[in-house]
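From first to last, the protein sequence lines stand for chains F and Y.
Under my numbering, the letters of the first sequence match residues 1 to 104, in that order.
Under my numbering, the letters of the second sequence match residues 1 to 471, in that order.
These are computed hints drawn from the structure, not numbers from a lab.
Check before you lean on any hint, since a few could be wrong.
Said to hold, decoys possible - Straight-line distance between alpha carbons at most 20 Å, and here's what the computed EDC-like set of lysine to aspartate or glutamate pairs gives:
no. : chain 1 : residue 1 : chain 2 : residue 2
1   : Y       : Lys451    : Y       : Glu316
2   : F       : Lys94     : Y       : Glu380
3   : Y       : Lys58     : F       : Asp60
4   : Y       : Lys460    : Y       : Glu340
5   : Y       : Lys270    : Y       : Asp382
6   : F       : Lys94     : Y       : Glu340
7   : Y       : Lys424    : Y       : Glu380
8   : F       : Lys94     : Y       : Glu370
9   : Y       : Lys341    : Y       : Glu316
10  : F       : Lys94     : Y       : Glu306
11  : Y       : Lys424    : Y       : Glu387
12  : Y       : Lys270    : Y       : Asp383
13  : Y       : Lys195    : F       : Glu91
14  : Y       : Lys461    : Y       : Asp307
15  : F       : Lys94     : Y       : Asp376
16  : Y       : Lys451    : Y       : Glu306
17  : Y       : Lys270    : Y       : Glu380
18  : Y       : Lys341    : Y       : Glu370
19  : Y       : Lys341    : Y       : Glu464
20  : Y       : Lys451    : Y       : Glu387
21  : Y       : Lys468    : Y       : Glu340
22  : Y       : Lys26     : F       : Glu91
23  : Y       : Lys341    : Y       : Asp307
24  : Y       : Lys468    : Y       : Glu306
25  : Y       : Lys461    : Y       : Glu340
26  : Y       : Lys58     : F       : Asp62
27  : Y       : Lys468    : Y       : Asp458
28  : F       : Lys94     : Y       : Glu337
29  : Y       : Lys341    : Y       : Asp392
30  : Y       : Lys460    : Y       : Glu316
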Amino acid sequence: MSGTVDPTVLNLMVFVLAVFVGYHVIWNVTPALHTPLMSVTNAISSVVIVGAILAAGPSDPDFGSILGVVAVGLAAVNVAGGFLVTQRMLEMFKKKQPKAKGSE
Amino acid sequence: MAPAMSANQITLLYLVASVCFILALKGLSSPTSARRGNAFGIAGMAIAVLTTLAVIAKGRIDLVLLAMVVGGAIGAFVARRVQMTQMPELVAAMHSLVGMAAVLIAIAAVNNPASFGVPDPLPTGNKLELFIGTFVGAITFSGSVIAFGKLAGLGKQFRLFSSAPVVFPGQHMVNLALALVMIGFGAAFFLADDKAWTAFAVMTAIAFVLGVLIIIPIGGADMPVVISMLNSYSGWAAAGIGFSLNNSLLIVAGSLVGSSGAILSYIMCKAMNRSFISVILGGFGAAEGTAAAGTGDKTVRSGSSEDAAFLMANAESVIIVPGYGLAVARAQHAVAEMTEKLIEKGVNVRYAIHPVAGRMPGHMNVLLAEAEVPYDQVFEMDDINGEFGTTDVVLVLGANDVVNPLAYEKGSAIYGMPVLDVHKSRTVLVNKRSMASGYAGLDNPLFYMDKTMMVFGDAKKVVEEIVKAID
Numbered sequence: 001m002s003g004t005v006d007p008t009v010l011n012l013m014v015f016v017l018a019v020f021v022g023y024h025v026i027w028n029v030t031p032a033l034h035t036p037l038m039s040v041t042n043a044i045s046s047v048v049i050v051g052a053i054l055a056a057g058p059s060d061p062d063f064g065s066i067l068g069v070v071a072v073g074l075a076a077v078n079v080a081g082g083f084l085v086t087q088r089m090l091e092m093f094k095k096k097q098p099k100a101k102g103s104e
Numbered sequence: 001m002a003p004a005m006s007a008n009q010i011t012l013l014y015l016v017a018s019v020c021f022i023l024a025l026k027g028l029s030s031p032t033s034a035r036r037g038n039a040f041g042i043a044g045m046a047i048a049v050l051t052t053l054a055v056i057a058k059g060r061i062d063l064v065l066l067a068m069v070v071g072g073a074i075g076a077f078v079a080r081r082v083q084m085t086q087m088p089e090l091v092a093a094m095h096s097l098v099g100m101a102a103v104l105i106a107i108a109a110v111n112n113p114a115s116f117g118v119p120d121p122l123p124t125g126n127k128l129e130l131f132i133g134t135f136v137g138a139i140t141f142s143g144s145v146i147a148f149g150k151l152a153g154l155g156k157q158f159r160l161f162s163s164a165p166v167v168f169p170g171q172h173m174v175n176l177a178l179a180l181v182m183i184g185f186g187a188a189f190f191l192a193d194d195k196a197w198t199a200f201a202v203m204t205a206i207a208f209v210l211g212v213l214i215i216i217p218i219g220g221a222d223m224p225v226v227i228s229m230l231n232s233y234s235g236w237a238a239a240g241i242g243f244s245l246n247n248s249l250l251i252v253a254g255s256l257v258g259s260s261g262a263i264l265s266y267i268m269c270k271a272m273n274r275s276f277i278s279v280i281l282g283g284f285g286a287a288e289g290t291a292a293a294g295t296g297d298k299t300v301r302s303g304s305s306e307d308a309a310f311l312m313a314n315a316e317s318v319i320i321v322p323g324y325g326l327a328v329a330r331a332q333h334a335v336a337e338m339t340e341k342l343i344e345k346g347v348n349v350r351y352a353i354h355p356v357a358g359r360m361p362g363h364m365n366v367l368l369a370e371a372e373v374p375y376d377q378v379f380e381m382d383d384i385n386g387e388f389g390t391t392d393v394v395l396v397l398g399a400n401d402v403v404n405p406l407a408y409e410k411g412s413a414i415y416g417m418p419v420l421d422v423h424k425s426r427t428v429l430v431n432k433r434s435m436a437s438g439y440a441g442l443d444n445p446l447f448y449m450d451k452t453m454m455v456f457g458d459a460k461k462v463v464e465e466i467v468k469a470i471d
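Let's have the full structure, built from the sequences with the hints guiding it.
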């Protein structure tokens with residue numbers, strides 16, 4: 001055995017394991033919360049903002065970094081919108097425990 | 001500041017963020033843990049963003065922060081203002097943003113791989129992944145724009161947004177041909193030694209067109225599947241970008257989202273008794289109204305809201321079956337009030353939710369939650385279907401196909417579709433505006449049963465009348 005592992009192979013390993021984790025975690029989500037699930041996954045997929053920030057990063061502005069800044073803006077809409085709207089929905093699922101008023 | 005963090009430290013922080021995302025999804029297994037889950041999600045995103053900002057600290061951080069503030073403010077504004085009935089449109093719009101962001105990042109990566117710490121020129125493997133990330137992102141973008149238009153009912157303004165399927169002869173062959181050409185240009189980009197902008201641009205342009213063509217033939221009734229599918233695509237696009245940038249965080253987050261969307265698509269297809277392929281090929285609900293013909297000699301029994309109120313107030317158990325018609329009539333709050341009154345009278349009231357009751361997965365649950373219906377009164381189809389046989393009165397509000405007993409009859413168009421067994425209960429009250437058939441264009445024998453009483457009228461008005469009559 002010699003040489004280094006190609007990054008693509010490592011990426012593939014991460015990918016396959018993450019799909020497995022996703023599969024098992026998602027099947028456990030209660031159907032009542034499938035809409036919040038969609039909005040929160042939306043927010044999570046806007047983690048592409050990380051790539052956008054890197055693209056916008058270089059101090060010499062060029063064509064690519066401008067696209068990066070635009071992508072940061074688009075993804076930021078999703079990050080804020082996705083998490084906040086999820087929060088708003090989940091609050092609705094909370095209010096309705098008339099018997100447990102003291103616990104808040 | 002840039003050397004303050006080593007590549008190892010960055011990767012470890014990304015690992016923490018990835019775990020937070022997994023916990024965010026895990027929290028959604030119950031309404032009580034869901035808010036904590038969302039907090040994990042926010043924490044994960046904050047870690048990811050702050051870490052990355054530290055990486056580019058020497059660069060043009062001012063513009064990045066400005067973009068984040070502007071984008072974040074728009075997102076926050078929309079999140080606060082959106083109505084729960086508009087959730088499907090909002091989600092579709094957000095998918096399109098993820099798709100577009102992925103495409104822009106991919107273009108930036110082709111332009112200057114060094115800014116991502118990837119060798120310049122791009123290694124062949126990264127190019128392949130970039131190609132995949134780009135075309136999935138582009139399809140997600142344009143497909144979601146069309147889905148948004150269909151959901152927002154913009155068909156009158158722009159024909160491609162029509163909620164009826166837009167079909168033309170040879171559609172699938174055109175799509176297939178375009179897909180092959182796109183892959184051809186992708187291969188050219190992949191094999192070229194230099195940046196190969198032309199191949200990349202043509203490939204991306206075709207992907208944008210394909211996204212439109214894939215979604216236009218899909219009818220309004222299949223929208224729950226489409227949104228779930230685009231949800232999945234947006235995740236795979238993020239994962240594809242993660243591959244090309246060797247970024248594990250993007251791969252993990254993208255895969256979680258991708259599998260989530262795929263599972264939701266599967267659940268929706270199953271609930272509608274459609275195969276995924278038949279949804280994708282589209283055309284469903286185009287011109288199938290003929291099935292409802294030939295029912296002229298059957299009689300329906302109709303009654304007033306007062307009759308309905310009397311029947312429910314004197315029942316021991318009532319199950320309410322809400323459909324999207326209820327949301328259209330904005331009757332959720334009236335229904336919640338009616339339920340409260342019935343419970344005060346000692347009636348056992350529960351809600352039965354079909355998976356496709358709303359216009360996206362779980363939509364009806366959110367609409368009821370908004371009307372402050374306690375979630376322990378709300379049951380999923382599989383949990384409550386055995387209870388109809390022992391229920392006195394079922395009230396069907398704005399639902400049709402999901403309570404159609406034809407699903408049990410071989411040869412009917414919806415044979416095999418899982419339905420709520422409303423017909424097994426002692427008395428059925430059905431509120432509809434008219435006798436028009438549902439999305440599937442089928443007649444519903446439930447309406448002609450001896451134990452069924454139709455209460456015609458707008459759902460909100462009828463329910464409000466029932467509330468008054470219960471006292």
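For each hint, the structure was consulted:
1. Y:Lys451 <-> Y:Glu316: holds (17 Å)
2. F:Lys94 <-> Y:Glu380: Distance ~18 Å between Lys94 (chain F) and Glu380 (chain Y) Cα, so the pair holds.
3. Y:Lys58 <-> F:Asp60: holds (11 Å)
4. Y:Lys460 <-> Y:Glu340: Holds: Lys460 (chain Y) and Glu340 (chain Y) sit about 16 Å apart, inside 20 Å.
5. Y:Lys270 <-> Y:Asp382: holds (13 Å)
6. F:Lys94 <-> Y:Glu340: holds (18 Å)
7. Y:Lys424 <-> Y:Glu380: Holds. Lys424 (chain Y) to Glu380 (chain Y) sits at ~17 Å (cutoff 20 Å).
8. F:Lys94 <-> Y:Glu370: The hint holds at about 10 Å.
9. Y:Lys341 <-> Y:Glu316: Since the Cα atoms of Lys341 (chain Y) and Glu316 (chain Y) sit roughly 13 Å apart, the hinted pair holds (cutoff 20 Å).
10. F:Lys94 <-> Y:Glu306: violated (34 Å)
11. Y:Lys424 <-> Y:Glu387: Roughly 9 Å separates the two Cα atoms, so the pair holds.
12. Y:Lys270 <-> Y:Asp383: holds (16 Å)
13. Y:Lys195 <-> F:Glu91: violated (49 Å)
14. Y:Lys461 <-> Y:Asp307: holds (15 Å)
15. F:Lys94 <-> Y:Asp376: Measuring from Cα to Cα gives roughly 11 Å; hence the hint holds.
16. Y:Lys451 <-> Y:Glu306: holds (17 Å)
17. Y:Lys270 <-> Y:Glu380: Roughly 14 Å between the alpha carbons, so the hint for Lys270 (chain Y) and Glu380 (chain Y) holds.
18. Y:Lys341 <-> Y:Glu370: holds (18 Å)
19. Y:Lys341 <-> Y:Glu464: holds (12 Å)
20. Y:Lys451 <-> Y:Glu387: holds (17 Å)
21. Y:Lys468 <-> Y:Glu340: Since the Cα atoms of Lys468 (chain Y) and Glu340 (chain Y) sit roughly 13 Å apart, the hinted pair holds (cutoff 20 Å).
22. Y:Lys26 <-> F:Glu91: Measuring from Cα to Cα gives roughly 17 Å; hence the hint holds.
23. Y:Lys341 <-> Y:Asp307: Roughly 16 Å separates the two Cα atoms, so the pair holds.
24. Y:Lys468 <-> Y:Glu306: Roughly 9 Å separates the two Cα atoms, so the pair holds.
25. Y:Lys461 <-> Y:Glu340: holds (17 Å)
26. Y:Lys58 <-> F:Asp62: holds (16 Å)
27. Y:Lys468 <-> Y:Asp458: Within the cut-off at roughly 16 Å; holds.
28. F:Lys94 <-> Y:Glu337: holds (18 Å)
29. Y:Lys341 <-> Y:Asp392: Holds: Lys341 (chain Y) and Asp392 (chain Y) sit about 17 Å apart, inside 20 Å.
30. Y:Lys460 <-> Y:Glu316: Violated, at about 24 Å.
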